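Participant: Here is how the chains run, residue by residue.
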Amino acid sequence: MSTPSTPSTIEPNTGAGGEDDEFGAYHSLAEVADDHRWAFGTGFTDALEGVDTTVPEGIDAEALAAYCLMLGDDALIYSHRLQQWMTRAPELEEETALANIALDLLGQARMLLARAGRADGSGDDEDRFAFFRDEQHFRNVRLVERLDLDFAELVGRLLIFASWRLALFDRLRGSADPVLAAIAGKGVKELTYHRDYAARWVVRLGDGTDLSHSRMQAGVQACWPLVDELFATHPVEDRLAGVAVEVRHLRAEVDDVLDEVFAAATLDRPSTAGLAAVAGLTGRDGLHTEAMGYLLAELQSVARAHPDATW
Amino acid sequence: MVSRDRRPSPAAVAAAVPDPELPMVTLADLGILRSVQSRGDEVTVTITPTYSGCPAMREMSRDLEHSLHRAGYLQVRIRTELSPPWSSDWITADGRRKLAEAGIAPPNPVPTRATGGPIPLSLEPRGPVVECPRCRSPRTLQLSAFSGTACKALYRCQDCAEPFEYVKEI
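Sequences listed follow chains A and B, in order. The first sequence begins at 1 in the working numbering and counts up one residue at a time. The second sequence begins at 1 in the working numbering and counts up one residue at a time.
The following block holds chain B by itself, in its conformation from the complex (with noise of 0.2 Å):
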């Protein structure tokens, strides 16, 4: 039993595997896990999709299962949670932090919507100033709003003058 004992403790071995596609955070940074139960010998994992067709979900648990069952927990169990939906909003600061390091710019908060009334359209870009992660600049332009994934907007600075990556607010 004294090996057992030395395991670090589910819930650390989950937080600590990091999402496929954005290898610099973690799936908790990305609010992406959002629960580890563990009962007896058999752990339960609970992780929710960003979209609707994102393809990384099944490496999502693989990267999981293999991370716990190496930590010594043998009996792992994933499930899909797909309500509430994901939010942008669940991205910690810690993984904010370490997106705008890689380049990558942070989302803003998602706008309030009011209560009753039809979704509104928007003609042009949302929200506030996207911000270089680079230079810092606020004078940035939006590219495409989609990108190399589906969580991500093409922008570019027009002060630095480079790309670079933004994930949405949603």
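Pulled out of the complex, with its shape left as it was, chain A reads as follows (with noise of 0.2 Å):
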């Protein structure tokens, strides 16, 4: 049996920025050769790696499938609508929080089409769900597709996307895929987070200037047609019983979260009715607004252009 070579150095690594530091940002700088260390690149590994995805006896690995890719679309989409903020938003801060947030979401996402590609035996990774799937294929709901008008409409969005979710994956940890459960544990925290950062802003600017209170309307307007979709049960979720959540029991608590906001912001509660179906069809059957074609011609064109290339 042969012994491992012996390393050249076996120095402990203090972190301390030294000369012989291989971990000081210079050294990975000049490292030119060794570009493993840059964050960005093709080579990201699979974003469940080394996590346990056998899916638990009983439960309808196709319906969990479909699910993962439903919440986890919505995530992508929202994040890619977040993204597009990038250089507009009013401050420097607030760029940095929607990126922050967006960033959240993806990894979101990620998690949860790399769960769905395990569960329907498929194989499929997150950028061919993300970059190869056509838009009948997406089974996001129609809220997170929408372009925002200004940055009240923005916030108010956000305020709606982030209280349903952070209830939905409240009662998610629960599940009994623990894949699901786990990823819900982590993005309760991140979602408390965006609810507040939406929140504080739809107040900010509902009790602001005459001006800001009327754009805020406004935008919590724009967004409603869009939310009776969120609460409404999908055949695939009745497919899930003790993995799914029941998103019709979400209602309740959501309509406190907003009631809370809409009063600290003096703002009307908005009755617009719900956008209708189309035979049948929304969102979570691939029935999209016009806004999706666009939104996902930028998010794909890069990949289908140059398939399979790597940087």
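Source of the hints: derived by calculation from the structure; they are not laboratory data. Nothing here was measured: the structure is a model prediction, and the numbers come from that model. Don't be surprised by glycine CBs; every beta carbon is placed ideally from N, CA and C.
Far from chain A by the CB rule (all over 12 Å, computed), these chain B residues:
1) 109
2) 134
3) 139
Not the full set, but computed from the structure, chain A residues with beta-carbon under 10 Å of chain B:
4) 47
5) 48
6) 50
7) 51
8) 97
9) 104
10) 106
11) 109
12) 110
13) 111
14) 166
15) 167
16) 181
17) 191
18) 197
Now the in silico label distances, taken between C-beta atoms and shown as ranges:
19) 274(A) - 83(B): 34 to 44 Å
20) 134(B) - 134(A): 48 to 58 Å
21) 235(A) - 156(B): 43 to 53 Å
22) 214(A) - 77(B): 57 to 67 Å
23) 214(A) - 142(B): 19 to 29 Å
24) 89(B) - 46(A): 24 to 34 Å
25) 235(A) - 92(B): 40 to 50 Å
26) 304(A) - 38(B): 42 to 52 Å
27) 112(B) - 176(A): 22 to 32 Å
28) 221(A) - 123(B): 17 to 27 Å
29) 156(B) - 122(A): 41 to 51 Å
30) 308(A) - 116(B): 45 to 55 Å
These two chains come separately, so use the hints to put the complex back together.
Facilitator: In structure tokens form, the structure reads like this:
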């Protein structure tokens, strides 16, 4: 039995940034050949690498995969919309906030899409789901695909989305699928910050000047037709008792949160009717609004022009 | 076999690896390093992400593998553990001290949530006062609940006027 080759140096690494410190910022910049240190490029590992993704006995794997796509697509598409605010937000601090929220959601999306690929047995990875599916195969709710008219609409929509997703993830922590439960456990902490951020801005603008108040009111009004869909149970969820969250039971809790914010913001709760389904189909069935095509064109064009490219 | 016996333990090697984004603290200081187990020649290291979108997970895995290889452990497996979710309460006393010395305010304790009811909304910045890591003044102002990385918020001290980052409690 051969002994492993003796390493040339076995100095304890103090991380103190000395000349020989392989982790020093200068060293990682200078060491051009060792490009694994850069956090971008195509070398991402699977978002669930090293996580046990066996589907527990008794769970409908096909429905589980579809459910993971629903929750994953909500996060992916909304993250993209938030990313479009980069260089456009009113202040640098808000841009940082929106970028971080988008990053949290992208992280949730990556894990959920990876979970879908393992559950349905296809082995499809997150990139295949994100970049090579056509519009009718995206299962996100239509609320997340809207283009914001202004910053007021952005924070109004973020408040609605984060309040709903937080209530959903809070319950999903008890899912019979341990991977979904774990993803939700992390997400709850993140979404709590997202909701607070949005709520504080809605109050600041709503209870601000006449102009900010009217634009904030218009912002929530514009999002309102897409709210009912958030609480409509989809047949896929019916096949996942104990795994999926029953969204119709979330309405009261989400309404309480929104009412509290609207009251502090001196806003009227909109009463606009929900956007109708088309031939019985909504976002969860792959039926989207006009905005979705443009969003996907931007999201997918580079990956489709250069499939399998690496850098 | 002599050279093997001189190797530092895998746990000691892994515990010395710094965080790629906060190099003044180690992965162990941050509570990201969950466990190090060795069976025969194989070392299994378990880490947990701080936030779902943490872009540094791959860097951490590579740094851990690299350090263990250099120390003579050639079979290294990195496991990711999502549950229980990372909490800023897991940052060690040593880690908190190193963060403060580097001008980053360490997190306040995570408030305990009342069991049962919905997660409460906070329309004002949460929790106890965040102290300025430079002049220790309690008169600080939150500029943004988010900062250069997902795990931090941006503050400004109203006494020494310096801006600083605060590791959020989650």
